[in-house]
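Colleague: Residue strings, one per chain:
Number of protein chains: 2
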Amino acid sequence: MAYELHDWPGIQGRGEFVRLALEASGAPYVDVARGAETAGQGVPAMLRCLNDSKLPHPPLAPPFLKDGALVVGQTSAILLYLAPTLKLVGRSEQLRVWTHQIQLAIDDAVIEAHDTHHPLGSGLNDEDPLPEALRRTDEFCRIRMPQYLQWFERLIVRNPAGPRQLAGGKLSYADLSLFQLIEGLRYAFPNAARKALAKTPEIVQLHDRVAALPKLAEYLRSERRIPFNEQGIFRCYPERDLA
Amino acid sequence: MAYELHDWPGIQGRGEFVRLALEASGAPYVDVARGAETAGQGVPAMLRCLNDSKLPHPPLAPPFLKDGALVVGQTSAILLYLAPTLKLVGRSEQLRVWTHQIQLAIDDAVIEAHDTHHPLGSGLNDEDPLPEALRRTDEFCRIRMPQYLQWFERLIVRNPAGPRQLAGGKLSYADLSLFQLIEGLRYAFPNAARKALAKTPEIVQLHDRVAALPKLAEYLRSERRIPFNEQGIFRCYPERDLA
Chain A
37 MAYELHDWPG IQGRGEFVRL ALEASGAPYV DVARGAETAG QGVPAMLRCL
87 NDSKLPHPPL APPFLKDGAL VVGQTSAILL YLAPTLKLVG RSEQLRVWTH
137 QIQLAIDDAV IEAHDTHHPL GSGLNDEDPL PEALRRTDEF CRIRMPQYLQ
187 WFERLIVRNP AGPRQLAGGK LSYADLSLFQ LIEGLRYAFP NAARKALAKT
237 PEIVQLHDRV AALPKLAEYL RSERRIPFNE QGIFRCYPER DLA
Chain B
37 MAYELHDWPG IQGRGEFVRL ALEASGAPYV DVARGAETAG QGVPAMLRCL
87 NDSKLPHPPL APPFLKDGAL VVGQTSAILL YLAPTLKLVG RSEQLRVWTH
137 QIQLAIDDAV IEAHDTHHPL GSGLNDEDPL PEALRRTDEF CRIRMPQYLQ
187 WFERLIVRNP AGPRQLAGGK LSYADLSLFQ LIEGLRYAFP NAARKALAKT
237 PEIVQLHDRV AALPKLAEYL RSERRIPFNE QGIFRCYPER DLA
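Line by line, the protein sequences give chains A and B.
To convert a position in the first sequence, counted from 1, into this note's numbering, add 36.
To convert a position in the second sequence, counted from 1, into this note's numbering, add 36.
By construction, these hints were calculated from the structure, which means they are not laboratory data.
Any given hint might turn out to be false.
Stated by the list, open to error - Simulated crosslink set (DSS-like; lysine-lysine; CA at most 30 Å straight-line):
(1) B/90 <-> A/235
(2) B/123 <-> A/90
(3) B/90 <-> A/206
(4) B/90 <-> A/90
(5) A/123 <-> A/251
(6) A/123 <-> B/235
(7) A/90 <-> B/235
Produce the entire structure from the sequences given, and follow the hints as far as they go.
Modeller: The structure is reproduced here in structure tokens:
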């Protein structure tokens with residue numbers, strides 16, 4: 037049976053990390069909220085599932101994954117759940133925890149990138165006043181982004197199984213998520229990302245290898261890959277980027 | 037061999053979530069950065085370990101746990117790793133993922149509580165200008181905190197194994213982490229927390245049951261439990277709390 041992925045339509049969103057894992061593995065899935073309401077899909081179907089009072093394990097918010105009767109929420113927990121089945125993580129418990137540790141760091145970086153455009157609260161829908169967003173973006177671009185990227189670079193250089201992946205000797209969901217983080221940073225902060233990535237050649241090569249995986253390359257060319265836009269996690273405001 | 041917990045001393049910090057799991061299970065551990073430098077401990081010992089260029093899996097930042105030669109970072113990944121050994125998670129894979137999903141939501145709530153006092157960037161050390169912090173705190177207290185707490189309440193009410201725990205039929209690390217979140221919210225935002233918790237009686241009772249666990253009660257009375265303070269995650273600025 038196909039997985040059901042539920043996430044807000046119109047943006048890549050957090051769900052994109054799950055989508056990349058499903059696409060890279062060729063796993064069948066339905067992107068529910070992007071489907072037609074006339075076909076029983078769309079946002080109403082997602083909200084019906086989210087608010088189903090009979091769910092024993094209700095998700096807090098999208099994205100969430102439905103696998104038969106099982107519903108799993110929280111991006112990183114969905115990947116933890118899916119990875120053994122999709123063969124996107126090593127078999128040992130140690131490698132499973134290590135891969136997850138990297139994923140959680142990527143998740144932290146994503147939160148920080150997201151907070152640059154609404155530093156005053158995630159529930160506020162309008163753009164925040166420019167001075168605050170500028171200050172937070174400047175700090176993210178100058179300090180935090182290079183810190184994260186250099187840590188990932190260190191992991192790949194030190195990987196005992198060789199410098200082809202972040203964790204272990206085979207592609208994992210952490211590699212896919214790092215690909216997505218780099219894509220997002222390049223979109224949102226082109227100058228800052230170029231400067232930071234100039235010092236981290238190994239993860240740039242890893243990014244390129246991920247992009248060239250046949251199933252993923254096909255996905256990235258397809259209409260299923262929604263272009264980045266200013267409603268998503270990564271938003272491009274050129275005046276806030278580094279010079 | 038005793039676990040080594042490494043985290044910044046002088047505050048409860050993120051490491052407190054790991055400390056509660058170790059204390060509640062009676063697991064032997066050394067709180068390295070709180071130890072004496074003359075005994076080869078203290079912050080220098082933590083930084084030596086963090087910056088050890090021979091580590092194949094270097095943590096991004098404290099807190100991290102050392103278990104023999106193995107080093108695990110990221111609070112939630114440490115709990116994922118420890119929980120089966122400490123018997124703080126159900127045995128089934130499904131329950132393991134569900135417990136982790138709850139932990140990740142708690143982690144998100146902790147980040148949001150933390151961001152109220154430095155909304156303009158985690159790398160900025162000084163207190164941020166009051167208007168921004170006030171605005172972010174107000175939104176957190178009025179909207180986000182109740183959302184999170186009501187979700188946890190829903191989980192305990194719906195738990196198929198009964199309303200004594202968040203996940204499954206036995207105490208898990210998610211219960212301990214929720215205890216800590218409630219403690220922190222009550223310290224940082226006493227009025228807002230009292231109002232929100234008045235509507236979530238089940239998690240208040242769960243909090244009280246956790247506090248009464250003999251090993252945990254002993255820990256909470258001990259000097260190892262550092263009182264909340266304004267250098268930690270949860271900081272009390274009464275003028276920013278709800279009236």
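Colleague: Could you check the structure against the hints above and give me the numbers of any it violates, in ascending order?
Modeller: 4, 6
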